[in-house]
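Just add 15 to the spot in the sequence shown (first one is 1) and you have this note's numbering.
In short, the hints are calculated from the structure, not lab data. Any given hint might turn out to be false.
Dumping the calculated EDC-like pairs for lysine to aspartate or glutamate here, alpha-carbon to alpha-carbon at most 20 Å [what the hints assert, rightly or not]: (1) Lys97 x Glu63; (2) Lys97 x Glu72; (3) Lys97 x Glu71; (4) Lys74 x Asp101; (5) Lys97 x Asp73; (6) Lys74 x Glu56; (7) Lys46 x Glu87.
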Amino acid sequence: MDNRSPASRESSEFDDDFDDEEPLPSIGTCKSLYPFQGQNEGTLSMVEGELLSVVEEDKGDGWTRVRRNLEEEGYVPTSYIKVFLDSSAKGAMTYI
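Please work from the sequences and hints to get the whole structure.
Here it is as C-alpha cells:
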C-alpha cells in the first residue's frame with residue numbers, strides 16, 4: 016500500500032521522468048500566457064511571455080514538459096502556455 020500523500024506521489028512521478036541520461040529533443044516551442052511558480056520538484060517556474068522548448072506534450076494530466084536554455088527542464092501547466100509544435104519533429108502530433 017502506498018502511504019505517501021498525493022502530492023508526494025506526484026512529485027516522485029515527475030522525478031522519475033528526469034532520470035534519462037540524454038535530454039529529449041525539442042518537438043516545438045511554447046509561450047507562457049501567465050506566470051507560474053514551480054514549487055514542487057519537477058516543475059519549472061516561468062514568467063509571462065517567456066519562450067520555452069517543448070520536449071513532451073501533455074499526456075492528459077494537464078502538464079507539459081518544457082526546457083529552458085538546454086539545462087533547466089520541468090513541467091508547467093498546459094493551460095498556462097500556448098504550444099507551437101514542429102510538425103517535422105519526431106513524435107509530434109498533428110491536431111486537426
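Results for each hint:
1. Of the supplied pair hints, the one linking Lys97 and Glu63 holds, its CA atoms being roughly 11 Å apart against a limit of 20 Å.
2. Between the alpha carbons of Lys97 and Glu72 the distance comes to roughly 12 Å, so the proposed pair stays at or under 20 Å and holds.
3. For the given pair, Lys97 sits about 14 Å from Glu71 by alpha-carbon distance, which is consistent with the 20 Å threshold.
4. Restraint check for Lys74 and Asp101: the C-alpha separation of about 17 Å stays at or below 20 Å, so the hint holds.
5. Distance restraint check for Lys97 and Asp73: the Cα-Cα separation of roughly 12 Å lies within the 20 Å cut-off, and the hinted pair is therefore satisfied.
6. Restraint check for Lys74 and Glu56: the C-alpha separation of about 19 Å stays at or below 20 Å, so the hint holds.
7. Distance check on the hinted pair: Lys46 and Glu87 sit about 16 Å apart at the alpha-carbon level, within 20 Å; holds.
No hint from the list above goes unmet by this structure.
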